[in-house]
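K.L.:
What follows is each chain in one-letter form.
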Amino acid sequence: MEAWNKEVFRGGSMIRFVKLHIMGVKIAFASRMVYRADFLLSSFITLLGDLIIPLITFLIYTSGASFPGWNIYEVLLIQGIFMISRGIANMFFFGTVWNTLSSVREGTFDLILLRPHSTLHMTMITAISCDDLGVIAGGILISGIALYNLPAPGIINILGFIFFFIVSLMVLVSFAIIMSATVFKWVGNSRVYEIFDAITIFGQYPATIFSKGFNILVTWVIPITMIAFIPASVLLGKAARGIYIAALSSVVLFVMSLVIWHLMQKKYTSVGG
Amino acid sequence: MIKTFNVLKATAFVTYKEWAAYRSHMLVSVFVGPIYFLVQYFIWSAVLKHQETINGFTLEQILMYYGITMLVNYCIMDFAGWNLQMLIHTGKFLTFMLRPVNHKYFAFSQKIGHRLLGFCLEFIPVYLLFCFVFRLNLVPDNFIWTLISVILGFVMMFLVNYTIGITSFWLIRTGGISRMFLLIRDIFAGVFIPLSFFPETMQKILFYLPFQYISYVPVRVFLGSYELAGKSYEISYIVFLQFVAVIVMLLISEVLWKLGIKKFSGVGA
Chain A
37 MEAWNKEVFR
47 GGSMIRFVKL
57 HIMGVKIAFA
67 SRMVYRADFL
77 LSSFITLLGD
87 LIIPLITFLI
97 YTSGASFPGW
107 NIYEVLLIQG
117 IFMISRGIAN
127 MFFFGTVWNT
137 LSSVREGTFD
147 LILLRPHSTL
157 HMTMITAISC
167 DDLGVIAGGI
177 LISGIALYNL
187 PAPGIINILG
197 FIFFFIVSLM
207 VLVSFAIIMS
217 ATVFKWVGNS
227 RVYEIFDAIT
237 IFGQYPATIF
247 SKGFNILVTW
257 VIPITMIAFI
267 PASVLLGKAA
277 RGIYIAALSS
287 VVLFVMSLVI
297 WHLMQKKYTS
307 VGG
Chain B
5 MIKTFNVLKA
15 TAFVTYKEWA
25 AYRSHMLVSV
35 FVGPIYFLVQ
45 YFIWSAVLKH
55 QETINGFTLE
65 QILMYYGITM
75 LVNYCIMDFA
85 GWNLQMLIHT
95 GKFLTFMLRP
105 VNHKYFAFSQ
115 KIGHRLLGFC
125 LEFIPVYLLF
135 CFVFRLNLVP
145 DNFIWTLISV
155 ILGFVMMFLV
165 NYTIGITSFW
175 LIRTGGISRM
185 FLLIRDIFAG
195 VFIPLSFFPE
205 TMQKILFYLP
215 FQYISYVPVR
225 VFLGSYELAG
235 KSYEISYIVF
245 LQFVAVIVML
255 LISEVLWKLG
265 IKKFSGVGA
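The listed protein sequences derive, respectively, from chains A and B. Count the first sequence with this note's numbering and you get residues 37 to 309, in order. Count the second sequence with this note's numbering and you get residues 5 to 273, in order.
Any given hint could be a false lead.
In silico DSS-like links for lysine-lysine, alpha-carbon gap of 30 Å or less [to be verified]:
1. Lys108/B / Lys13/B
2. Lys208/B / Lys13/B
3. Lys221/A / Lys21/B
4. Lys208/B / Lys96/B
5. Lys96/B / Lys7/B
6. Lys108/B / Lys96/B
7. Lys53/B / Lys248/A
8. Lys21/B / Lys303/A
9. Lys235/B / Lys108/B
10. Lys267/B / Lys96/B
11. Lys7/B / Lys262/B
12. Lys53/B / Lys274/A
Source of the hints: derived by calculation from the structure; they are not laboratory data. Given the structure is predicted, the values throughout are model-derived calculations rather than measurements.
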């Protein structure tokens with residue numbers, strides 16, 4: 037255990053990790069409360085921005101059209117779950133991308149390297165963002181409305197959903213780590229977020245609308261459908277075959293992201309860019 | 005006049021060179037643009053699987069709409085408002101007050117340089133991808149009217165963004181409010197979904213707002229027909245309305261500028 041702690045937590049422990057994470061959350065809230073009005077407005081705007089896709093879905097269905105095999109509430113459930121998952125990931129993990137990007141560009145990543153703690157965790161806890169609380173609340177509301185209008189899921193479905201929702205968060209953390217790792221080499225490119233947004237938009241719709249080959253790509257190769265479609269379809273009792281392969285693929289992605297982070301970190305030159 | 009033009013030319017050239025150093029930043033669009041388009045392709049192919057049209061759009065027309073919207077946005081996008089906010093927020097705007105160049109003109113010249121590079125690195129590659137990979141027939145119905153409308157959209161986008169930036173003279177921290185404005189701008193400009201998908205009452209309101217003149221009108225001019233809130237206009241007439249809207253927006257931004265500049269303290273916030 038000690039060896040594990042030394043290897044993974046740079047001499048720390050899991051408890052220390054959690055304590056530091058809670059401290060990061062407290063600091064993030066305290067600093068954001070300095071500009072309370074801007075915080076509330078930012079949370080609201082972030083929520084509005086994430087409501088675009090449900091709005092498009094609503095406009096499509098009110099125009100008399102639909103996604104074959106999916107009613108409006110089932111699609112809204114996928115999009116609501118996507119919002120919750122993305123909101124949690126943005127709040128706790130995605131700050132690491134911007135944090136790494138700015139510190140590598142300025143050459144101040146040295147300060148993180150000098151600290152007696154995992155560099156990856158340090159970049160995460162010093163960039164926790166509270167602005168996505170609105171998105172999480174919005175996602176819960178949309179999912180709630182959808183579930184209210186759908187048959188109640190069974191206990192097995194709920195347990196399956198919890199499992200796949202955790203895997204969904206793991207996929208998002210993996211994306212955050214990979215994106216952060218790329219900026220060691222691709223210095224100052226703030227558009228990595230756009231690449232991520234573009235790729236994950238596929239996760240907001242029923243995967244059945246994609247072609248067969250593309251479906252395999254976004255389920256087993258890059259498990260984007262794991263973010264919301266798979267957890268939602270498990271909850272709805274509409275789970276397709278191959279979801280456990282997708283879960284396995286998500287674990288592989290997570291391990292790969294850690295390996296990429298450590299490899300790319302070695303490329304850090306300390307000179308900025 | 006020549007001196008004014010030289011300022012524009014020099015500023016645009018320097019901005020072009022400055023951004024050319026970050027070519028990969030812009031080249032991201034060559035990846036992101038087609039990905040977004042692919043999403044639209046899957047969505048609308050599924051939606052129009054069992055019906056011919058939706059709100060008057062066939063599958064081909066709606067894909068054309070999204071393709072052209074993307075291309076028009078590569079021509080007109082800017083971040084003049086964000087830049088102005090940053091300058092006011094940090095107090096660095098003071099240096100512009102000491103310069104013998106109007107800041108709005110300077111920012112507009114920067115936009116020209118930035119978009120010239122965008123035209124080469126974003127518009128052309130994505131245009132070719134749309135034509136040869138997605139097989140879109142991206143030939144404007146009338147080239148001259150389309151060009152005029154895109155230029156007016158370019159100016160309108162700048163004026164709307166710059167006016168949002170001017171609000172920083174009154175507000176200490178404007179990140180939230182400017183994001184709200186930008187979101188409203190994109191929704192009501194028809195970037196996410198054609199405006200004709202909105203309810204009739206909403207369309208009537210949108211007709212009198214400046215946002216449709218940024219992107220929706222140039223796209224409809226490209227397509228060769230204009231329709232909103234049950235009204236259909238000749239292309240020449242809607243481009244004339246777009247011109248009038250640009251003049252009105254220019255006057256609004258001038259008035260706000262004159263009021264806002266009196267609030268500037270020069271110490272930042």
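K.L.:
Compare the structure with each hint and give your call.
P.N.:
A quick look at each hint next to the structure:
{"no.": "1", "hint": "Lys108/B / Lys13/B", "in the structure": "holds (15 Å)"}
{"no.": "2", "hint": "Lys208/B / Lys13/B", "in the structure": "violated (40 Å)"}
{"no.": "3", "hint": "Lys221/A / Lys21/B", "in the structure": "holds (22 Å)"}
{"no.": "4", "hint": "Lys208/B / Lys96/B", "in the structure": "violated (41 Å)"}
{"no.": "5", "hint": "Lys96/B / Lys7/B", "in the structure": "holds (25 Å)"}
{"no.": "6", "hint": "Lys108/B / Lys96/B", "in the structure": "holds (15 Å)"}
{"no.": "7", "hint": "Lys53/B / Lys248/A", "in the structure": "holds (16 Å)"}
{"no.": "8", "hint": "Lys21/B / Lys303/A", "in the structure": "holds (28 Å)"}
{"no.": "9", "hint": "Lys235/B / Lys108/B", "in the structure": "violated (35 Å)"}
{"no.": "10", "hint": "Lys267/B / Lys96/B", "in the structure": "holds (15 Å)"}
{"no.": "11", "hint": "Lys7/B / Lys262/B", "in the structure": "holds (24 Å)"}
{"no.": "12", "hint": "Lys53/B / Lys274/A", "in the structure": "holds (21 Å)"}
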